[in-house]
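This is what each chain is made of:
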Amino acid sequence: MISLILFGLFALLMIVGVPIGISLGIAAMAALGYGGVVDSSYLAQSLVTSIDSFPLMAVPFFILAGDLMGHGGISRRLLEVGEILFGRYTGGLGLVAVATCMFFAAISGSGPATVAAIGGILFPAMLQRGYDRNFSVGLVASAGCIGVVIPPSIPMVIYATSSGASVSSLFLAGVVPGVLIGVVLMLMSWFIARKAGYHGIERSYTGAEIFRILWDAKWALLVPVIILGGIYGGIFTPTEAAAVAVAYGFFVGVFVYKDLKLAEVYKVLAHSALTSATVMVIVGTATVFGRVLAIEGIPVKLANEIVALTSDPIMILLLINVLFLVVGCFMETLAAIIILTPILLPVVLKVGVDPVHFGILMIVNLAIGMVTPPMGINLFVGSRVGNAQLEGVIRGATPFLLSMIVVLLVLTYVPQITLWLPNLMK
Amino acid sequence: MLKKLDDHFEEALIVLLMAAMTVLIVVQIFMRYVVQESLTWSEELARYIFVWATYLGVAYGVKKNAHICVEAVTGYLPARIREITYIVAQVVFLLFAALVVKEGFVLSMKIFKFGQSSAALGMPMGVIYLAPTVGFALVFIRLVQNIVAGFKRLRTLGVAA
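Residue numbers (the numbering used here), protein chains in the order written: chain A, 1 to 426; chain B, 1001 to 1161.
Treat the hints with care, as some may be off.
Capping the alpha-carbon separation at 25 Å, the derived lysine to any residue pairs in SDA-like fashion look like this [stated by the list, open to error]:
| hint | chain 1 | residue 1 | chain 2 | residue 2 |
| --- | --- | --- | --- | --- |
| 1 | A | K261 | B | H1008 |
| 2 | A | K267 | B | A1066 |
| 3 | A | K261 | B | V1092 |
| 4 | A | K258 | A | W219 |
| 5 | B | K1102 | A | I5 |
| 6 | B | K1102 | B | V1092 |
| 7 | A | K261 | B | K1004 |
| 8 | B | K1003 | A | L262 |
| 9 | A | K261 | B | V1026 |
| 10 | A | K261 | B | F1009 |
None of these hints come from the bench; they were simulated from the model.
Work out the full structure: start from the sequences and follow the hints.
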C-alpha cells in the first residue's frame, strides 16, 4: 500500500505538471503520514542536510563554468582547431562539429550547453556550405551528448553523490566511452556526407598558420589540463577544480578574449544559480523519497525479484538499459539519476556489476535520452539555436541516435572499455 | 521601487551568493598553495551559502517558471484545460511550500533553543536551517503571483472562446 501511495502519487502529480522535486516530496510525505513511521520534521531536516555537501557543490560550479565559457571566444577558437584537423575531409564540417563538441565536452559538463555553444557558431557555416539544415542540427544535438560523458560531467557528480562512487573514478571512466561515441558519430556523419556529396574545404595550412591558431586557442585547450590534471595530480578536489574552472572562465572571458561583458556575467550567474537550484531541490526531496523507499525495503525486494528471474548481469543490464532509454524520453537527466540510482544500484550490485561501470552506462543512456523525443533537451536547444523545425531535427538526429545505441550495447557487454582507465590509474 | 524589488529580489541575492561561493573556494586554494596556510572555515561557509542560494533559487525558479517538470502530457492539452491544470499544479505546490515553511520554522526554532553551533565558524545552526523556511516562504509568495496570473490568462481565454 505504501509503495502504491509513493509511486502512484508521484506519477500522478508529475503528469499534472507539478515540478518533479515537489512531486517527490509530496509523495514521500504522504507515504510517511500513512505509515506513521518518521516524524515530519524529517522533511525540513533533510532539505538542509542533503544539500549541505561539499562534493555536491561541484554542480553549480560546473554549470557556471560551462555557461561562462560558452559565450563566444572559447568555442570559436576550439572550432578553428577542429578545422585544421578535419576540415579537408569529405563532410569536413560534420567531422569538425563532432570534434569541437568533444573538445568542449572536456570543458563543460553539460549536454545542452555544448549544443548551444557549438551550434551557435557552427550552424551558419554549415548552412552556407550547403549542408542540409536537419542533418547539421541533428548531428550537433547528438554530438552534444558527449558533453556529459567526457569529463567533467555534472551528471557524474550527481551519480557519485547518490551512489557513493568516487567522482574522480567516474570522470576517468568516461574518457574512453566519450571518445568512442565521438568516433562513431564521425563515421556516421562521414557516410551520410559522402552520399549527400558534402565536400571538404580545399584549404591547406602553413606551419605558421597552424601554430598561430593553436597558440590563439591555448587558453581554451588548457582548461582540461587544469581541471583533470589538478584532480588527478592530487592538487585539488573535483569541487575545487570546478571553482577554479569558474575563475578561469571568468578571467579568460573578461580580460583575455574580452568577449564577456560584466553585465553578462551577472546574467550568467543568475542563470547558473537558477539551473543549480532547480536540480538541488530535487536532490533535497529525493533524499526523503529515498529514505521512505529504504524503510519499506523496496530496492531490496526489487533486487530479489529481478535476481529470481535472471541472475545474468548482462541480461539485467540490458533490461535496465531499456528502462533508462524509456525514462530518458520523458524525464530530465539529473532527475532520473537522483530517483533511479537508489532503486537500481542494489539490483546490479547484487549480481556483481561495478558501480562505476553502472554509472557510466546510466549516463550514456540518459545522454542518448537527450536526443530522443518527446523530452530530448538537445533537440529543443538545437532546433532553437539552428532555427529548424523539431520534426526535421528529429529526422536528422535518428541515424546518430541509432549509432549511439549500438555503442551503448558494446559498453554494456564489455565493461573493460569503461573500467580500463580508472583501473590503470589506481 | 516595489516593482524593482519584485523583479529582482531573489535574483540579486543568488547572484551575490553564487559569486561569494566561488570566491571563497578560490581563496581557499590560494591560501593552501600560495600562502601555505589552510583556511579552516572557508569550506563550511561556502557550504552554508550553497544551502541558502539553493532555497532562494527555488523561489526564483517559481518566478521564472523554470522548475523541472514533465511536459509530455500537459503540452498536448487544449489551451483552456492546460491553464486550469497549471493552476492546480501551482496550488499543490503551494500546499507543499506551506508544509515546508511550517516544519522548517519549528525545526530551526528548536535548533536555536538547543544552541547547536557549526564546527568551524561557531555559527548558530538555526541560521542554516532557516534557509528552506525563508526560501519556501518566498516560493509561497511567488506561487500566489503565478496563480493570480493564471486566472487572468484563463479569463482572457474564456473571452476569446
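Each hint tested on the structure:
| no. | hint | verdict |
| --- | --- | --- |
| 1 | A:K261 <-> B:H1008 | 20 Å, holds |
| 2 | A:K267 <-> B:A1066 | 15 Å, holds |
| 3 | A:K261 <-> B:V1092 | 40 Å, violated |
| 4 | A:K258 <-> A:W219 | 13 Å, holds |
| 5 | B:K1102 <-> A:I5 | 23 Å, holds |
| 6 | B:K1102 <-> B:V1092 | 16 Å, holds |
| 7 | A:K261 <-> B:K1004 | 23 Å, holds |
| 8 | B:K1003 <-> A:L262 | 24 Å, holds |
| 9 | A:K261 <-> B:V1026 | 21 Å, holds |
| 10 | A:K261 <-> B:F1009 | 22 Å, holds |
Hint compliance for this structure: hint 3 is the single one not met.
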